[in-house]
Every structure is written in C-alpha cells, then in structure tokens.
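Novice: As a plain string of letters, each chain reads:
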Amino acid sequence: MKKLVIDEAFLSELESLQTLLKNNVAGALGGNRRSKNLGSSCEFADYRDYVPGDDVTKIDWNAYARFDKLYEKLYYDERQMHTRIYIDASHSMGHGADEEKAEQAIRIAAAFAYLSVCELDKVSIYVLRGGVAEEIVSGMVGKDSYLNCVNRLNAISFEGDARISEAIVPTNVGRGDGFSIILSDFLTDENYEDAIDWLCERKRDVLCVQILSREELNPQLRGRMHLLDSEDGNRFFRKKIDGDVVHAYKEALRYVSDRVRTYCESRGAHYLLVPAYVPPADIFFGQLSDMEVIK
Amino acid sequence: MTFLYPMGLLGLIGVPIIILIYILKNKYNEQTVPSTYLWTLSEKFFKRRNPLSGLTGIISLILQLLTVVIVSLAIARPIFTLPDSAGEYCFVLDCSGSMNTESDGSSRFERAKRDIIGEIDGASAGSTYTLIAVSDETAVIYERLTDKKLARQMLEEVPCSDGGTSYSEALVTAQKYFDKNRSFIVTLYTDKSVDVHENAEVVNVAFDKEFNYSLSDVSGTFMGGELSVGATVLSYSFDTTLELALYLDGKDTPVKRTEVAVKAGEPMSVSMSCKTDSYESFRVAIENEDSLAADNEFISYNLKNESAYRILIVSETPFFLQAALDVLTDTVIDTARPDAYREGDYGLYIFHSFTPAELPDAAVWLINSSMNVENSGFGARGIVELDAPAELEKSDSTSTVAQKLLTGVYGKDILISEYVKYSSMYTRFTTLFSYDSHPLIFAGVNGFGNREVVIGFDLHKADFSLSTDFVALLGNLLEYSCPDVIERSEYTCGEDVAINITANIRNVKVTTPLGEEIYIDTSSGVATFRLGHVGTYMVSLLASDVEKNYKIYSGAPAEEGNPVQSGEAFSLSGVQEYERTDGEFDPLMIFFVCLAVILIADWMVYCYEKYQLR
Numbered sequence: 097m098k099k100l101v102i103d104e105a106f107l108s109e110l111e112s113l114q115t116l117l118k119n120n121v122a123g124a125l126g127g128n129r130r131s132k133n134l135g136s137s138c139e140f141a142d143y144r145d146y147v148p149g150d151d152v153t154k155i156d157w158n159a160y161a162r163f164d165k166l167y168e169k170l171y172y173d174e175r176q177m178h179t180r181i182y183i184d185a186s187h188s189m190g191h192g193a194d195e196e197k198a199e200q201a202i203r204i205a206a207a208f209a210y211l212s213v214c215e216l217d218k219v220s221i222y223v224l225r226g227g228v229a230e231e232i233v234s235g236m237v238g239k240d241s242y243l244n245c246v247n248r249l250n251a252i253s254f255e256g257d258a259r260i261s262e263a264i265v266p267t268n269v270g271r272g273d274g275f276s277i278i279l280s281d282f283l284t285d286e287n288y289e290d291a292i293d294w295l296c297e298r299k300r301d302v303l304c305v306q307i308l309s310r311e312e313l314n315p316q317l318r319g320r321m322h323l324l325d326s327e328d329g330n331r332f333f334r335k336k337i338d339g340d341v342v343h344a345y346k347e348a349l350r351y352v353s354d355r356v357r358t359y360c361e362s363r364g365a366h367y368l369l370v371p372a373y374v375p376p377a378d379i380f381f382g383q384l385s386d387m388e389v390i391k
Numbered sequence: 002m003t004f005l006y007p008m009g010l011l012g013l014i015g016v017p018i019i020i021l022i023y024i025l026k027n028k029y030n031e032q033t034v035p036s037t038y039l040w041t042l043s044e045k046f047f048k049r050r051n052p053l054s055g056l057t058g059i060i061s062l063i064l065q066l067l068t069v070v071i072v073s074l075a076i077a078r079p080i081f082t083l084p085d086s087a088g089e090y091c092f093v094l095d096c097s098g099s100m101n102t103e104s105d106g107s108s109r110f111e112r113a114k115r116d117i118i119g120e121i122d123g124a125s126a127g128s129t130y131t132l133i134a135v136s137d138e139t140a141v142i143y144e145r146l147t148d149k150k151l152a153r154q155m156l157e158e159v160p161c162s163d164g165g166t167s168y169s170e171a172l173v174t175a176q177k178y179f180d181k182n183r184s185f186i187v188t189l190y191t192d193k194s195v196d197v198h199e200n201a202e203v204v205n206v207a208f209d210k211e212f213n214y215s216l217s218d219v220s221g222t223f224m225g226g227e228l229s230v231g232a233t234v235l236s237y238s239f240d241t242t243l244e245l246a247l248y249l250d251g252k253d254t255p256v257k258r259t260e261v262a263v264k265a266g267e268p269m270s271v272s273m274s275c276k277t278d279s280y281e282s283f284r285v286a287i288e289n290e291d292s293l294a295a296d297n298e299f300i301s302y303n304l305k306n307e308s309a310y311r312i313l314i315v316s317e318t319p320f321f322l323q324a325a326l327d328v329l330t331d332t333v334i335d336t337a338r339p340d341a342y343r344e345g346d347y348g349l350y351i352f353h354s355f356t357p358a359e360l361p362d363a364a365v366w367l368i369n370s371s372m373n374v375e376n377s378g379f380g381a382r383g384i385v386e387l388d389a390p391a392e393l394e395k396s397d398s399t400s401t402v403a404q405k406l407l408t409g410v411y412g413k414d415i416l417i418s419e420y421v422k423y424s425s426m427y428t429r430f431t432t433l434f435s436y437d438s439h440p441l442i443f444a445g446v447n448g449f450g451n452r453e454v455v456i457g458f459d460l461h462k463a464d465f466s467l468s469t470d471f472v473a474l475l476g477n478l479l480e481y482s483c484p485d486v487i488e489r490s491e492y493t494c495g496e497d498v499a500i501n502i503t504a505n506i507r508n509v510k511v512t513t514p515l516g517e518e519i520y521i522d523t524s525s526g527v528a529t530f531r532l533g534h535v536g537t538y539m540v541s542l543l544a545s546d547v548e549k550n551y552k553i554y555s556g557a558p559a560e561e562g563n564p565v566q567s568g569e570a571f572s573l574s575g576v577q578e579y580e581r582t583d584g585e586f587d588p589l590m591i592f593f594v595c596l597a598v599i600l601i602a603d604w605m606v607y608c609y610e611k612y613q614l615r
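Going down the list, the protein sequences come from chains A and B.
Remember, the numbering used here sits 96 above the position in the first sequence when you count from 1.
Remember, the numbering used here sits 1 above the position in the second sequence when you count from 1.
There may be inaccurate statements among the hints.
Under 8 Å between C-beta atoms, here's a sample of chain A residues computed to sit facing chain B [said to hold, decoys possible]:
no., residue
1, 105
2, 298
3, 309
4, 321
No more than 27 Å apart at the CA atoms, straight line, and that leaves these computed lysine-lysine pairs for DSSO-like [what the hints assert, rightly or not]:
no., chain 1, residue 1, chain 2, residue 2
5, B, 26, A, 335
6, B, 395, B, 462
7, B, 510, B, 252
8, B, 252, B, 552
9, A, 335, B, 48
10, A, 336, B, 26
11, A, 335, B, 28
12, B, 45, A, 335
13, B, 48, A, 346
14, B, 45, A, 336
15, B, 28, A, 346
16, B, 413, B, 462
17, A, 346, B, 45
18, B, 28, A, 336
19, B, 48, A, 336
For the record, the hints were derived by calculation from the structure and aren't laboratory data.
Where is the CB? At the ideal position from N, CA and C, for every residue including glycine.
Generate the whole structure from the sequences, applying the supplied hints.
Specialist: Here's what the structure looks like:
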C-alpha cells in the first residue's frame, strides 16, 4: 500500500475547521469543547443568588450596585472530546493493486485525527479485524503525537474479514463524549446495525463513511466471469456479465447504500458515501461541511 | 428412422467438436474482486430486458451446430418412420370418352383427378401409389410410387381418351396387385354405375344432371345425284328438340337442316337428303349444346376413288386369266406378250409360263415359272412330269394368311400332270397347296418386300382353272396382292385400323385429330393402329412415289355417351386385409431434430458449468 504522506497544506487548512457535536460533551477532563454543564470556562452562562461559601471572585459587583443584592456569575464548562475512529481492516478494503479504498480510509482517519487534536480532543483509532477492535492509537492528545499516529495508520494491514458490531460493541466506546467514525465499505450482511445502535445509545455522534472503489461504483467487467471474493475463497459469483447484469448490480449497489443511509438517519447518525478516488479536501470542505458535520 | 446414405451422419462428429471448442474457448475468466456481495445481491434485481439477449452468446454456436447438423442430415437423407400409418393405394382411373363430359366448366375426368390428388395429399408420407388408366386399353402409369409430387405430376399428364372402357383388363391388372398384397387399397374412379364391387372402392364422378345427346347409326347412300343420310338420335335426360345439320365436303355451311322432337331415353331415326353431283365427305351434327360433344357428330369419307390400281398379265395365252379377273374386279387389266413385256405403273404383274429377267417392284404372280429369278425367294429345280395325274393337297395351316387365302376354296379333286419343283424357299411363304410335300401354290413376300404368289404348274395342264375353287382362290389372291389400302372410312374410337401395305407403298403416316403424327411400320403386310380419339384421322402414304391421303372418321363409342349405363362390376377376388406399412414423417422433422441437438448441446454446456461449480 502506498504510504500516507502528510500534506501540510491540507492539514493547515483543516485547522480552520471544527467538528460540530450534537450531544453533550461529557468528558472527564477539561478541554476545548463547550459543555452544557456549568463550569469554569470564560463563557458566561447565567446568574444565581450568592450563597455564603461561593467563590467571591465570581460575584457580579455591577449587579450588586444596581440591585443591592449579591449575584454569583455562572460559566459554561468546557470538556475534552474523545474522537474514536474505527477502520474496517478487512481484505475487501485493501484489495487491489492500488488499495485505493484502504488509502482513502487512512486519509480520512488521519484527517479526522488531526482535526480532533487541533481541537485539543483525544483521539483513539481502532482497527476492526475479524470480531476484534484493535486499538492502534489510544487517547492521543496534541499534535506531538500525530506523527506517531500516522505511522501507525500506515502500518495497518488489511486482511481477513471484519465483523463491525462484534468488534465495536464490547469495547469502551465512551458516553456522550464525542464522535465515533466508522470507515468501511459496508459490503456485508454481517451485523453492523448493532454497533450503530450501541454508539447512538451511548450518546456518541456517529458518522458512517462508506468507501467504495471506482470499479465497485461503476464496474467495467464484461463477459463470462468467475469472480472470487477476496475475503472468502469459498464465495464466488459466476455469470456472463452483460448490460442487464450490470444494471442489476447498480440496483443492488443503490439498495445497499440506501440501506445504510436509512438506518443511520433513523438513528440520528450521519452517513457519507465516499468514492475512493475523491481527494480528502473535497470530502472535508465539501460533503462533510454540507452535512454540517464540520464547519 | 432410417437413412438413405448413413455415411453422411459422420458429419455429426463435428457437433461434439464444435461444442468442445465452444467450451474451451468460452471459459470463464477468473478474477478476484474485493467483495462478491454486490454481485451476488444483484441476482435479486436481475431481470432480462430483452429475452433474446441471453442467446447472443450462443448464436454463433447455434448457427455452427445448425450448419453441421443440416448438412449432415441433408447428405444422410433421413427417413422418419411412423408405424402402420402408410397405405398402398391403387387408383384405377377411367379414361374413357364419357369422362370428357363437362359440367360447370370442368369435366368428370378433371373431377376424378382432383379426387385422386386429394387422396394422395391426404395419405401419409411413405405410402405407395399405383395408377392404372383404363380406356380401350389398360395402362399402368406408375407402380408403387412413393413420391407424392411425381405421382401428382404424372397423374396430371394422363390424357383422357375418346374410347370405351375395358374394365376386364383393368380388373386383371388390379387383381395382380391385390394378389401380391391383400392390403392394397383399390379405388375405381369412373362415371359408370358399378353395381357390384368387392375389395375395391368405387367413386362415381358423374354429375347429377347433364344435357347429353347422341348421334349413332349414321349411314349414307348416293344414288342418282342424291345423297341420302340416315341416323339415330337420342336425348338421355330431357325431352327436347334437336337440331341436325348436314354438311358436305368439309364446308361450314350446312346443305340441310332439320329439327327433331325427341323424348328422353327414346332413340329417334332421322333421315336427310340433298342433291349433289359427287361428294368427298358428308358430316351430320347435332347443333344443340351438349355436355359431351364427342358423340354429336359423324363424318363419312368416300374412299372409293382412292383404291384404284392396274394389273398387267404377261402371257402367251392370257385370255382365261383376264376373263376370270374381270369377273372379280373393276380394275384395269392390261395384257402383254412375254417378248413385249416392259415394267410400268402397275400394282400387280402376273407372269404365266414366263419368268422375267428381274422381278418388278410391285406385287407379282409367278405361274409355272421354271426359271430362277433373283430375289424371288425360291429356287426352281426343273419340271417334274407325273406318270399319272395327281391330286393337290390343301394346306391345313391355321395361320391367318392361309385361312384368309383359302376362304371359300374347297380344295378337292385338283389334278395336275406335271409341276415345277421348288426348293430353298424362304420361310415367309405360306403354302396353300402342295404335292408330295412339294409346295405348289404358295404366297409370301419376295426379296424386294413385295407380295408374291407362286403357282407351280401350268394352268393349261391342270383342271384347276375349270373348278369353282379357281375363281375363289383368284379372288383371295387378288385381294391379297392388291388390297385396298384402307377398307372403310367409318370406325369407332378404340377400334384397330388395318392398313394393307402393298409393294408400292412407302412411308405411312397417320395424323390424329389432335395433330399428332404417327409413322407406321410398313415391314409387315398389314399394319394396324388403334384409334384413340374421336375425329378425323388422316392416313398419308407414298404409293409408287405418289402421295395419297385417306381420311377416316373415328366416332365415339355409343355406350360412352350413355350417362346412365349400369351393370358394370369391379370385384377383386380374395380377402381384403388392412395391414399398413410404416409411414414417414414430414421432412419438417429434420428441424425438430436440429432443435433437439441444440437443446442437448445447451444442456451439455449447462452440465459442464454445473460440474465446475460443484
């Protein structure tokens, strides 16, 4: 697989963006993300009557002058978000000479990771292989660790299969503390709905990115073909591929995409279909911005 | 199923070869894809927008297989059999004159042909067809033919004669086939009412009601410048008034017309007369419109002037011969002494006690000829004198010529005192009288092909010339030597006409009413031909290098005009069996076989794929 090379220009552009969270941020540590809870940030939230014992530095003396009564100023709390990125490391993602789906998944993961560390959030990256989510980046905070993160992403090997729900649900996915991003081709009947349900239940903001290669989106195969599945040698498709078959294939592709999209929308999660050949800049400054996942 | 040329099936070896090549050439391309999930799922959404598009991949295979199979089968010529479906049909078609009877624009004969064609078309392929045409003669047009098209074509070409119907010969012919195969399906197509028929179907093709009249028994008498003609007319179905006309010498304008009221089924005699100095022919005709026109007219030709010939007697004493011949014939008789003899334009030369240096090219009598002459057909061995008069022995030969020449000759008590001994006779001579096994009166054909009569004794030295047998024998010999070319001019269709071929006759040609020209063999003394049509026949011949024409009329047989004739029988002896032979499928079956081959090929490809998928 072609190694991911850091594009500093793109990363600097990413710094101008920030992710938009729908749910409260309930991180344990203070951070750069405003919480709906009251805390000690600089952002004014409300007043309340002073009670002896309160922090006298937060008494609003201007209000005392006007109303002759002590009021305590209240401020929003700011917490640290924990972005968790799950990468489908099955063979289908890494198949092909150029492994374009794998590259695209790593590019997107790296971009989200950089976006998060720029916002002082924690970033964890998991590789989904078989029924296990292997955490290759754990709680990365700050740009210092980003280079190491990229190295680990480049070290991912795509092989075997990936059972998304079986891998994600048993792990610590956090609660109400940020984004969970699943990068996969979703070309499976294996259960991925449970993972989405679980993440949404844990008040995570979920983004499912379906990455498909150019051949998968617009197959060029014709004639009598015996197609072998890259993940399972026992699975194959044998048919004379002509216009009618390709038409049926595109119907199936539309069905699969709609199924994932519909399920995500029904759970309040985001869904994005990403062709593997589209540059990340178009994704982040185009599709994701339009979806108001980032701004 | 059998094959005419089974070796042609070797071409079918190409079928598995083509399929093998197709399988090897059209292997599935193996390729690994990230996931077959979408492809597998596409099966649920798959539907053929064009049902034929699925065949596009094997069109070339189909065409190749079709080509190989069709070529192979075309060479092998398959015959598909269907057990017990074919029959052996024997059609007996009445071709007599009455079958020409027309109604509503078609004749009975055409109707019969249509019926037979319907039978042929409706029969299973593989059936055999035998066609027997019956008129005065019976002819087997084709026998156990299997080709329907050819059977139809040959049937169409069968002509309808104007003659009568001879069931007996047809029955013998049909019986012959029936004896060979009791399952023969014999069907008689006729317009006669056949009362009895066993083992044979009879299809009556007569129409219900027809205007049909006939003219018969026509006779003419010419006397005193008046020609009187008598005839009998008959209307078969209706009471009506018939208009008759008399024509002379082939002219279109009648010299006499008359109307006759006739009752249905009752013959009526009619007579007409006209004044004329002479006539060559007269024609009597019923002018009313008729379903069968053949029996509505009759022509009589006057042959009297055409038969004249001359006789030359070469003898020192020709008197008694001349006197006897004068009694027998009106022919001009010339006489000449032997030293004044010159060959001339005579039909008969009679040499008495004189032998010419060479025989003339005409009929000749050699009486008491003791010298050899070339081409006479015999050799003279000298005169034998008898010690006492001896009696001639009359021949008891049953040959036609002998019977004819000895008609009216008693042949007893003819005594001779000497005779000329002949030897080395040709076998073509017919001996009439002999003595001591030596032929003395015999007739035949000489080396020139002319009729020759030899009398081997001197008439002056025998009492033969004084007997009554002499005149009778001379009459017979005269008729034999100089016969009328044609004896009469009125015949009935189906009769045989005899042409007497005399020595001076060459090149006899008969022109039928249809314009056909028939050349008659003149090698025998009497040539015959059969009248097959109603109408005027022209007999043309060269007699002494002079062309002579004789017209004779062939009238319709009286029984053929009768639409209600009955009493015929057509029964085949034996017990009918109903065993059928194996029939043949239509050639269309070849296409079904081709289709089956294609399906098998497709099935083999399918099995091969399944085998790979297991």
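Novice: Work down the list of hints and note, for each, if the structure agrees.
Specialist: Evaluated hints:
no., hint, verdict
1, 105, "violated, 31 Å"
2, 298, "violated, 28 Å"
3, 309, "holds, 7 Å"
4, 321, "holds, 5 Å"
5, 26/B / 335/A, "holds, 16 Å"
6, 395/B / 462/B, "holds, 19 Å"
7, 510/B / 252/B, "holds, 25 Å"
8, 252/B / 552/B, "holds, 15 Å"
9, 335/A / 48/B, "holds, 14 Å"
10, 336/A / 26/B, "holds, 14 Å"
11, 335/A / 28/B, "holds, 11 Å"
12, 45/B / 335/A, "holds, 14 Å"
13, 48/B / 346/A, "holds, 13 Å"
14, 45/B / 336/A, "holds, 16 Å"
15, 28/B / 346/A, "holds, 25 Å"
16, 413/B / 462/B, "holds, 17 Å"
17, 346/A / 45/B, "holds, 12 Å"
18, 28/B / 336/A, "holds, 10 Å"
19, 48/B / 336/A, "holds, 14 Å"
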